[in-house]
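Engineer: Each chain, letter by letter, is given below.
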Amino acid sequence: MKQVPALKIDGITLSQSLAIIHYLEETRPNPSLLPQDPKKRAQVRMIADHIVSGIQPLQNLGVLKQIGERKMEWAQNYISSGFQALEQILQHTAGRYCVGDEVSMADLCLVPQVANAERFKVDMGPYPTITRINKALLELEAFKVSHPCRQPDTPAELRA
Amino acid sequence: MSAVAAKPILYSYFRSSCSWRVRIALALKGISYDLVPVNLVKDGGQQFSAEFKALNPMKQVPALKIDGITLSQSLAIIHYLEETRPNPSLLPQDPKKRAQVRMIADHIVSGIQPLQNLGVLKQIGERKMEWAQNYISSGFQALEQILQHTAGRYCVGDEIQSGHGSISHNNQNK
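So the protein sequences, as listed, match chains A and B. Position 151 of the first sequence, counted from 1, bears residue number 151 in UniProt numbering, the numbering being contiguous throughout. Position 40 of the second sequence, counted from 1, bears residue number 40 in UniProt numbering, the numbering being contiguous throughout.
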């Protein structure tokens with residue numbers, strides 16, 4: 001598919017972030033990234049899918065290259081309208097994190113999307129719940145150690 | 001839980017591929033439901049009505065009202081159906097095969113369809129035919145290669161669902 005991420009694990013190679021994450025969840029279930037209750041699981045997936053299908057693909061590198069000059073406005077438009085819907089959903093689902101008080105697959109999708117929003121200078125003012133949850137997640141070790149500013153391929157000028 | 005469970009209600013547009021996915025899942029699992037059409041083109045798009053927005057803030061179809069909740073996002077809906085009405089199953093048992101199923105589904109649902117949905121094509125304007133063809137073709141190019149490794153009769157192996165051969169035969173004839 002000529003895309004990242006790809007994960008080589010247990011003798012297979014997987015792509016598509018949520019397919020990978022579900023595989024990790026099913027083979028290494030502790031700690032869990034999904035609630036037990038099917039309705040809450042559905043909420044987690046709904047939020048994750050909204051970001052992964054409804055926002056990110058519209059502002060990824062390949063698409064923005066095709067859009068050309070208008071790309072800042074294009075990205076801002078899709079991130080904003082996506083966040084507008086997400087902010088409303090989170091009113092019903094959020095506790096400390098996207099769904100209740102435990103970190104889930106939804107949270108894994110939220111933080112990178114907020115980072116993208118900041119890169120495209122999206123005004124986060126209208127999204128206080130997204131902002132609060134993002135801040136809480138960034139305090140967790142897993143979100144820090146995986147951050148773009150600390151990767152082997154992080155350019156020097158962006159390194160933490 | 002109420003003594004008499006209400007029938008699920010699916011908000012759908014006839015030609016929305018996302019809605020069609022859920023209609024297939026409901027049909028394969030033998031779940032009867034009421035369908036409320038939402039026309040994405042008429043009246044400037046009925047998905048933008050205040051009424052529909054209250055039901056689904058994402059202003060998109062499909063949305064499924066089931067078991068007292070409203071869900072959107074076709075794969076979130078389909079996973080919920082799978083977890084609450086597991087027979088016939090829409091996922092293999094083996095985690096590696098499940099991962100292949102999800103990889104293919106996600107590739108289509110995130111990598112192809114969003115780039116050619118109504119909203120985006122409206123923004124693209126004149127170039128839209130070429131734009132849609134470009135994203136579907138490159139997506140299918142990658143998918144064709146993946147399927148060389150995974151496909152049997154269907155995308156991953158020979159079952160749409162496990163253990164119910166009669167249903168797979170019916171679908172073969174469609």
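Calculated directly from the structure, the hints in this document are not laboratory data. The C-beta atom is built at its ideal place from N, Cα and C for all residues, glycine as well. Honestly, I wouldn't trust all of these hints.
Unchecked claim - Computed footprint of chain B on chain A; a stretch qualifies when at least three of its residues, placed anywhere within it, have a C-beta under 8 Å from a C-beta of chain B: (1) 34-41; (2) 93-106; (3) 116-128; (4) 137-148.
To be verified - Here are the simulated DSS-like pairs of lysine-lysine, each with C-alpha atoms no more than 25 Å apart in a straight line: (5) A/Lys135 - A/Lys121; (6) A/Lys8 - B/Lys128; (7) B/Lys122 - A/Lys39; (8) A/Lys71 - A/Lys8; (9) B/Lys65 - A/Lys8; (10) B/Lys42 - A/Lys65; (11) A/Lys71 - A/Lys2; (12) B/Lys97 - B/Lys29; (13) A/Lys2 - B/Lys53; (14) B/Lys53 - A/Lys40; (15) A/Lys2 - B/Lys65; (16) A/Lys40 - B/Lys42; (17) A/Lys121 - A/Lys39; (18) A/Lys40 - B/Lys29; (19) B/Lys42 - B/Lys96; (20) B/Lys53 - B/Lys42; (21) B/Lys42 - B/Lys122; (22) B/Lys42 - B/Lys65; (23) B/Lys96 - B/Lys29; (24) A/Lys121 - A/Lys144; (25) A/Lys39 - B/Lys128; (26) A/Lys71 - B/Lys7; (27) A/Lys2 - B/Lys96; (28) A/Lys8 - A/Lys144; (29) A/Lys65 - B/Lys122; (30) A/Lys39 - B/Lys65; (31) A/Lys71 - B/Lys122; (32) A/Lys121 - A/Lys40; (33) B/Lys29 - A/Lys39; (34) A/Lys40 - B/Lys65.
Engineer: Checking one constraint from the list: CA of A/Lys40 to CA of B/Lys29, max 25 Å. Satisfied?
Structural biologist: The given pair, whose Cα atoms are some 21 Å apart, holds under the 25 Å limit.
Engineer: Could you grab the alpha-carbon distance between B/Lys42 and A/Lys65 and see if it respects the 25 Å cut-off?
Structural biologist: 32 Å, violated
Engineer: Within 25 Å, alpha carbon to alpha carbon, are A/Lys2 and B/Lys65?
Structural biologist: 37 Å, violated
Engineer: Under the criterion that the straight-line Cα-Cα distance not exceed 25 Å, is the pair A/Lys121, A/Lys144 satisfied?
Structural biologist: 22 Å, holds
Engineer: Between the alpha carbons of A/Lys2 and B/Lys96, is the straight-line distance 25 Å or under?
Structural biologist: With Cα atoms ~21 Å apart, A/Lys2 and B/Lys96 stay inside 25 Å; holds.
Engineer: CA of B/Lys53 to CA of A/Lys40, is that 25 Å or under?
Structural biologist: Given that 25 Å is the threshold and the Cα spacing comes to 21 Å, the pair holds.
Engineer: Compare the distance between the alpha carbons of A/Lys8 and B/Lys128 with 25 Å, and conclude whether the hinted pair is satisfied.
Structural biologist: Outside the cut-off at roughly 37 Å; violated.
Engineer: Would the hint linking B/Lys53 and B/Lys42 be met if the CA-CA limit is 25 Å?
Structural biologist: Distance ~16 Å between B/Lys53 and B/Lys42 Cα, so the pair holds.
Engineer: At a Cβ distance under 8 Å, does chain B reach at least three residues of the stretch 93-106 of chain A?
Structural biologist: violated (count 0)
Engineer: Is B/Lys42 close enough to B/Lys65, meaning Cα to Cα at most 25 Å?
Structural biologist: 23 Å, holds
Engineer: Holds or violated: A/Lys39 with B/Lys128, Cα cutoff 25 Å?
Structural biologist: Violated, at about 38 Å.
Engineer: Would the pair B/Lys97 and B/Lys29 pass a check requiring their Cα atoms to be no farther apart than 25 Å?
Structural biologist: Cα-Cα ~20 Å, so holds.
Checked against the numbered hints above, the structure violates hints 2, 3, 4, 6, 7, 8, 9, 10, 13, 15, 16, 17, 19, 25, 26, 32; every other hint is satisfied.
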